[in-house]
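Peer 1: The listed protein sequences correspond, in order, to chains C and E. Numbering follows numbering that gives the first Met the number 0, in which position 12 of the first sequence is assigned residue number 11; successive positions increment by one, without gaps. Numbering follows numbering that gives the first Met the number 0, in which position 346 of the second sequence is assigned residue number 345; successive positions increment by one, without gaps.
To be clear, the hints were calculated from the coordinates, so they are not data collected in a lab. Every residue gets a Cβ at the ideal spot worked out from N, C-alpha and C, and that includes glycine. One or more hints might be untrue.
What the hints assert, rightly or not - Here are the computed lysine-lysine pairs in the DSSO-like style, where the Cα-Cα straight-line distance is at most 27 Å:
{"hint": "1", "chain 1": "E", "residue 1": "552", "chain 2": "E", "residue 2": "844"}
{"hint": "2", "chain 1": "E", "residue 1": "696", "chain 2": "E", "residue 2": "152"}
{"hint": "3", "chain 1": "E", "residue 1": "41", "chain 2": "C", "residue 2": "35"}
{"hint": "4", "chain 1": "E", "residue 1": "97", "chain 2": "E", "residue 2": "794"}
{"hint": "5", "chain 1": "E", "residue 1": "314", "chain 2": "E", "residue 2": "132"}
{"hint": "6", "chain 1": "C", "residue 1": "35", "chain 2": "E", "residue 2": "97"}
{"hint": "7", "chain 1": "E", "residue 1": "519", "chain 2": "E", "residue 2": "794"}
{"hint": "8", "chain 1": "E", "residue 1": "41", "chain 2": "C", "residue 2": "32"}
{"hint": "9", "chain 1": "E", "residue 1": "602", "chain 2": "E", "residue 2": "664"}
{"hint": "10", "chain 1": "E", "residue 1": "664", "chain 2": "E", "residue 2": "122"}
{"hint": "11", "chain 1": "E", "residue 1": "553", "chain 2": "E", "residue 2": "717"}
{"hint": "12", "chain 1": "E", "residue 1": "366", "chain 2": "E", "residue 2": "152"}
{"hint": "13", "chain 1": "C", "residue 1": "32", "chain 2": "E", "residue 2": "50"}
{"hint": "14", "chain 1": "E", "residue 1": "674", "chain 2": "E", "residue 2": "638"}
{"hint": "15", "chain 1": "E", "residue 1": "50", "chain 2": "C", "residue 2": "35"}
As the list claims (entries may be wrong) - Far from chain C by the CB rule (all over 10 Å, computed), these chain E residues:
{"hint": "16", "residue": "91"}
{"hint": "17", "residue": "95"}
{"hint": "18", "residue": "98"}
{"hint": "19", "residue": "203"}
{"hint": "20", "residue": "250"}
{"hint": "21", "residue": "273"}
{"hint": "22", "residue": "379"}
{"hint": "23", "residue": "427"}
{"hint": "24", "residue": "472"}
{"hint": "25", "residue": "579"}
{"hint": "26", "residue": "589"}
{"hint": "27", "residue": "643"}
{"hint": "28", "residue": "758"}
{"hint": "29", "residue": "771"}
{"hint": "30", "residue": "827"}
{"hint": "31", "residue": "840"}
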Amino acid sequence: MKIGAFEELVLLAVGSLGENAYGVAVKELLADKTGKIPSIGALHSALYRLEDKGCLLSSEGGATSERGGRRKKFYLLTAAGRNTLVEVNRLRIEFSKNIEGLNLSLDES
Amino acid sequence: MNPEKRFHVASPPRWVDRILQWFCAEEVIETLQGDLHELHRKRAQSHSKFKADFYFILEVLDVCRLFALKRKSRSNSNYTAMFKNYFKVAWRNLFKYKMYSSLKIGGFAIGISAFLLISLFVKDELSYDKNYKNGHRIYRVLNVSSDPSDPGKGTAFPAEIAAVIRDNFPEVEKAGRIIPYPGWWDSGNNQFRREDQKQNTYEEGFAYLDQDLLEILEIPMVYGDRTRALEKPNSMVISKSKADKYFPGEDPVGQTIILNEDESTPFLIGGVMEDFHTNAHLQFDFFITLTGKEFWPGEQTNWCCWNYNPYLLVKEGTDPGDLEDKLLLIRDNFIVKYALEQGDKRAEETKQYFSLELQPVSDIHLKSADIHDAVTRGDIRIVWLFVAIAGFVLLLGCINFINLSTAKSANRAKEVGLRKVVGSRRWHLVQQFLSESMMFSAISVIIGLLLAWIMLPFFNLLSGKILFIPWMAYWFAPLILIFIMFIGLLAGLYPSLYLSAFRPIDVLKGSLSQGSKSSKLRAAMVIFQFTTSIVLIVGAFMVHRQMDFILNKKLGFDKEQVLMIQGTNTLGDKLPVFKDELLTLSQVQNASVSDYLPVTGTKRDGNSFWKDGRSKMDEGINAQRWYVDGDYIDTMGIKLLEGRGFSDMASDSSAIIINQTMVKKLKLENPVGAKIMNWQTWNVIGVIEDFHFQSMKKEEIGALSLVRGNFGSVLSVKLRTIDMVGTMQSVNSVWEEFMPNQHIRYTFLDDNFTQMYGDVKRTANVFTAFSVLAIIVASLGLFGLSAFMVEQRGKEISIRKVLGASFQVIFQILTLNFLKMIVISLVIAVPLGYLIMEEWLAGFKYRIPIGWEVFAIAGIMVLFIAMATVSYESIRAAVVNPTKGLRSD
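Can you build the whole structure from these sequences, using the hints too?
Peer 2: Here you go:
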């Protein structure tokens, strides 16, 4: 499964938000963690892509007045999504071993 | 509370919301809009309404991404699926009814290929002289005479014309002249050699030209400077192909050329021009400069003799009509003045009848039918005639398609009914049948293109052109596509409307009688097809007959077995000896030296004649004066009616022989012994019978006189032999003795004669070719219809046979209907063909009458072809075992 760097971040954010992962929440978490505010367009585009790739599952929640009567869409990390994150991380660590003086595993830091 | 208030205030701007709803797809808008609104509210609370709105707009713009946009096509997938289905059904039908399909496509393809070929021809004809940068400012000057006794337009003017125009009319930028007349000194053809070589070669395509005309006609140069190439006296410009022939691989500018062994006036090459494009009205290989040229003392300023064709380049914005009016100054100040000086009584009349006209250069090729000039050109009428014929052949192909489609409609009726029952609208069915006809037209156009490609070499032979299909041109593929659509629409519109109109209830109940509707229309179309075919066949016959008539008419001279040895002027003093030597050959009956021959491309010499002593009183008559030697009359087989021919007597230097027309025009009662004059006095010693010395298309036999001369570049030799090869060898060996450095060059008088009527011959050939195509297409259609009718009446025929009908009766039943149609076509075609041919023949001075037998032959031919076509299926039906037809139900 190939995913891009931004998609990876979105996947991580959805995973860490647990059951409360919907558009605005993901956006705020990403803004908080990375310091960059992603646009809603970019975020939704990535969410749809990840759903197509099978990394995310979605379900619709209830409508609230503060959202102009529109419903929320909640996302859940799937097993495939998890595997993809593991795979991406493994690749990263494997590469880092080839680079002298660079150690990416957290436990030895 | 404040937050409460803000809560209400802070909704995003409505118009931005609307935009979002407009472009966003239904399935993403829900959560997207929700997220955007939530964000907006948060921003409005934490910052300000203005900032929140601003970010909202930015975010909405950012949402314009692929995932969010509405997908139009998705809702139309049904549409493409239907088209797929239409084509599938069309394709299956194509193979299910192979015979009808091939008839439709065959007729179509033939019509299309004919149309394509003619289009190429017309495109070429229309492309003449269109490529000048300043084309809209280039004009040819014409002299126009409206004198009722001698009307006409010409291109020739006295020598000074260009200088006078240049000096007097500031709106003229450049004026230049050309002398294109073969036989005018070195104009026409010459023996050509490099100064440093001995071998002479015969070359054609010489003309005298002004330096200015080189620039006016924007003649592209390979070597040398266009603005100076003809500047020096005795300079010459030659074409690229001739430069490559005589100076391969070098720049010939500055080299010296000798013409006709005349070493006293060598010519200097001042430049090399690109070969003339085939679609230029002028076609020359050698231009000799007119700079410093004077053909006789005072010639350049004398207004006596009209031999120069002037062209003008006018300044931008000049109105040709205004300039034409101003040019009348030339008439009054020069032409009339000269006539007055000469004591011409008709000088004042000139003012009344004479005018000048400016003809745009791009009109010269096609719009000069009424102009007397020295240019080989096309005729706009022939172009339109060809267009009409091609259009008709194409139309015949379309009619086949329409007829066969509607005739076979019963096969599709059930399909139409069913489609309507399951929800097709009429428009859908029209679409279906149109796409089907598009498919047919596409297949036919492709086959037609291939056919055209195969037939192109033959068509080039017929039309006398070098055409090719511009496969690679950027406009070709789109044009063919448009053509396919156009033809598809033309042929498919009626059948599609017809077929789609079936009512499902009738069709599915089976009460629709098969193809019976519109049989009258079908009959009308068949009649149209055969009328066209008959007219074309009549046309082809008439054109051929007119050709034969001209070529075999009693001409007044004998064109058979006359060999014309060209280029004998280079023999110089040895010419009489050469002639005597030839006469010793047993196969040679007679020989004569003269440049004046009764075929085009030889010399002509117009003169005014009067009865002796009346030149100041009477109007002169215009007559040819030909220089011939003493053997001319015998060699040409011209009949001497009175008096005698030339003898060697010294007094014959002022002897003249005239033809009957001249006797009549001069009103001589006792011609032999009479005295007549032009600028000298002549004694008439004989009268000859009129003979045709001009094309019989336009002119009647004019007045003609023969005077004594022993010079010329053509030696005509009358032969009496059946062994042409052996004779030519003997003649050649005599020639080699005299002129080892120059190849013998000869033509036959009858060949030259035939060439005079080349365009008539081409018209005849094209007519024949297209009438054959038309009858093929029409027959294909008729064959299809007869097959259909036999199929439809199969049961009826079987029952009749069972009840005892004979073969003849069945045959009659099946063919009578078609016979009627052919007879009606004939009735329409006869007057139509008569009118058209009468119109065409009116262009000939000597023409055949239109006889009824032509129509009879054409009618019988068409009848025979049509009956043969219809009979095939009819006979098959008449002899088949009736059980076969009745077994099926």
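Peer 1: Could you tell me which of the hints above the structure violates, numbers in ascending order?
Peer 2: Hints 6, 10 contradicted; others consistent.
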